[in-house]
Amino acid sequence: MTAADPSAPSTSPRPVDGEGKISLTLHVNGREEHLRARPHHTLLEVLRNELHLTGAREGCGVGMCGACTVLLDGRPISGCLLPAALAEGHELTTIEGLEGPNGELHPIQEAYVEHTGFQCSYCTPGFILTTKALLEERPDVSRDEAKAYLAGNLCRCGSYVKILDSVMDARDRLRGG
Amino acid sequence: MPGSLAFYHPTTLEDAIGLLGEHGDEAKVVAGATALTILMRQRLVAPSALVSLGSIPGLDRIEEVDGSLRIGAMVRHRDVELSQIVRARIPVLAETFGKVANVRVRNAATVGGVLAESDYASDPPAVFVALDAEVEVRGPNGERTIPARDFFVAFYETALEPDEIVTGIVVPVPAAGSGTSYHKFVTRSSEDRPCVGVAALVRLAPDGSAADLRVAVGAAAETPQRFPDYEALGRGHVLSDDIVGRVADAYAGAIDTLDDMRGSAWYRTEMVRVWVRRAIESARDAAASGPAAH
Chain Y
1 MTAADPSAPS TSPRPVDGEG KISLTLHVNG REEHLRARPH HTLLEVLRNE LHLTGAREGC
61 GVGMCGACTV LLDGRPISGC LLPAALAEGH ELTTIEGLEG PNGELHPIQE AYVEHTGFQC
121 SYCTPGFILT TKALLEERPD VSRDEAKAYL AGNLCRCGSY VKILDSVMDA RDRLRGG
Chain C
1 MPGSLAFYHP TTLEDAIGLL GEHGDEAKVV AGATALTILM RQRLVAPSAL VSLGSIPGLD
61 RIEEVDGSLR IGAMVRHRDV ELSQIVRARI PVLAETFGKV ANVRVRNAAT VGGVLAESDY
121 ASDPPAVFVA LDAEVEVRGP NGERTIPARD FFVAFYETAL EPDEIVTGIV VPVPAAGSGT
181 SYHKFVTRSS EDRPCVGVAA LVRLAPDGSA ADLRVAVGAA AETPQRFPDY EALGRGHVLS
241 DDIVGRVADA YAGAIDTLDD MRGSAWYRTE MVRVWVRRAI ESARDAAASG PAAH
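From first to last, the protein sequence lines stand for chains Y and C. So in my numbering, spot 80 of the first sequence is number 80, and the numbers just go up one at a time. So in my numbering, spot 158 of the second sequence is number 158, and the numbers just go up one at a time.
Please keep in mind that the hints were generated in silico from the structure rather than gathered at the bench. Here the structure is a predicted model, which is why all the values come from computation and not from measurement. All residues carry an ideal CB built from backbone N, CA and C; glycine is no exception. Hints should not be assumed to be uniformly reliable.
Only pairs whose alpha carbons sit at most 25 Å apart, straight line, appear in this in silico SDA-like list of lysine to any residue [stated by the list, open to error]:
id, chain 1, residue 1, chain 2, residue 2
1, Y, K147, C, K28
2, Y, K147, C, K99
3, Y, K147, Y, T93
4, Y, K21, C, D256
5, Y, K21, Y, T93
6, C, K99, Y, V62
7, C, K99, Y, E136
8, C, K28, Y, S23
9, C, K99, Y, D73
10, Y, K147, C, V186
11, Y, K21, C, R43
Below, a sample of chain C positions facing chain Y; criterion: calculated Cβ distance under 8 Å [stated by the list, open to error]:
id, residue
12, Y8
13, P10
14, S190
Here chain Y stands alone, though its shape is the one from the complex (with noise of 0.2 Å):
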């Protein structure tokens, strides 16, 4: 992952404020953010906190429930596991960029609310961030791939099969069936 400022010398720190923070310049949903940080935080905590996009939440914090997916260059990542100094000179993407110029929901969102593929919705985000992603990569993807690509995004009401049925609704209206 690319430097914030190529203009720094190479063996030089990045410059802390007296608060101990980092000035960061994120691409988030198509638009350039300026903020600082401390340099330990994570790109999770940096959306949340800083940027006050709370779609990508914190669950397990180790990477393995999905809660706190988001779209870097287009491929999912847990928010929790990256230092947000190391998002910078990334497309990043969260739920909030899903939706059209007039607030209108993004295919895969109206798929899973007209399949109920959610109940706390908790996990959510998550789930439909990564289906954006495997439909990018595999837009004939058969639901066994769904199975196998989303086993990384855990939902502890249980709603896989209607999730599932979301993904593949989702599927079908983006290749325009």
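Dock chain C against chain Y, hints included.
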């Protein structure tokens, strides 16, 4: 977490190595950050400096060189999993990286990271050891290579000097007539780390006997376990149930298995016996059904 964490983004390996020399044990190299972030959050490590490799060009390539694949340290797990050249030349490597954790971790975790971390319960190390891979490292005195077999020293401990950095790994393409396998046995969930992972390579001679047999067991002890003396029990023989069973029993007897939440030491020993047998059988069958041996 510590308030004073110096974050470095060196743009050359020389600068990164210099920073490690300057900060000593206080510095940690960061690549995909998946393991390091957990260790920092759990306060198991508290570095005062992080040295990111992400701005150093050239570390993210996969290339074929003299009958081997050279995989750069910053190549992500998922890139190994999906790489056309890896799938064509060393399919077991692509399969193994595809079995690690979940897609999010595989999109971030790097090849150099899984080597340098030396976590006993990672999948790739056993495969690298079975394939006689060599780790490329760079330090203040230049480059050297370390056989994967000697690279993993103990729990979270490698043969790296404090100011050396893993730059890549060279994995020989198995000879014609070879079959390979990696069996990951999990006891809790599909995205769990292995309780036991076994990598095997079998090369069949034209008469059907095993010209080569290699077996490495991961996650059962502090480091990947490989025993040339017990591999020799199978070499030169047709890999019958009896012969395969003898190798599996020898491995089960030789490994000082560990206890953790994925299985007790006794259970692991029995699972080593089962999965060494299955891994050899899979590699043998793959060798028999693959392109003909010459």
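Hints versus structure:
| no. | hint | verdict |
| --- | --- | --- |
| 1 | Y:K147 x C:K28 | violated, 36 Å |
| 2 | Y:K147 x C:K99 | holds, 14 Å |
| 3 | Y:K147 x Y:T93 | holds, 23 Å |
| 4 | Y:K21 x C:D256 | violated, 47 Å |
| 5 | Y:K21 x Y:T93 | holds, 24 Å |
| 6 | C:K99 x Y:V62 | holds, 17 Å |
| 7 | C:K99 x Y:E136 | holds, 21 Å |
| 8 | C:K28 x Y:S23 | holds, 21 Å |
| 9 | C:K99 x Y:D73 | holds, 22 Å |
| 10 | Y:K147 x C:V186 | holds, 18 Å |
| 11 | Y:K21 x C:R43 | holds, 20 Å |
| 12 | Y8 | holds, 5 Å |
| 13 | P10 | holds, 5 Å |
| 14 | S190 | holds, 5 Å |
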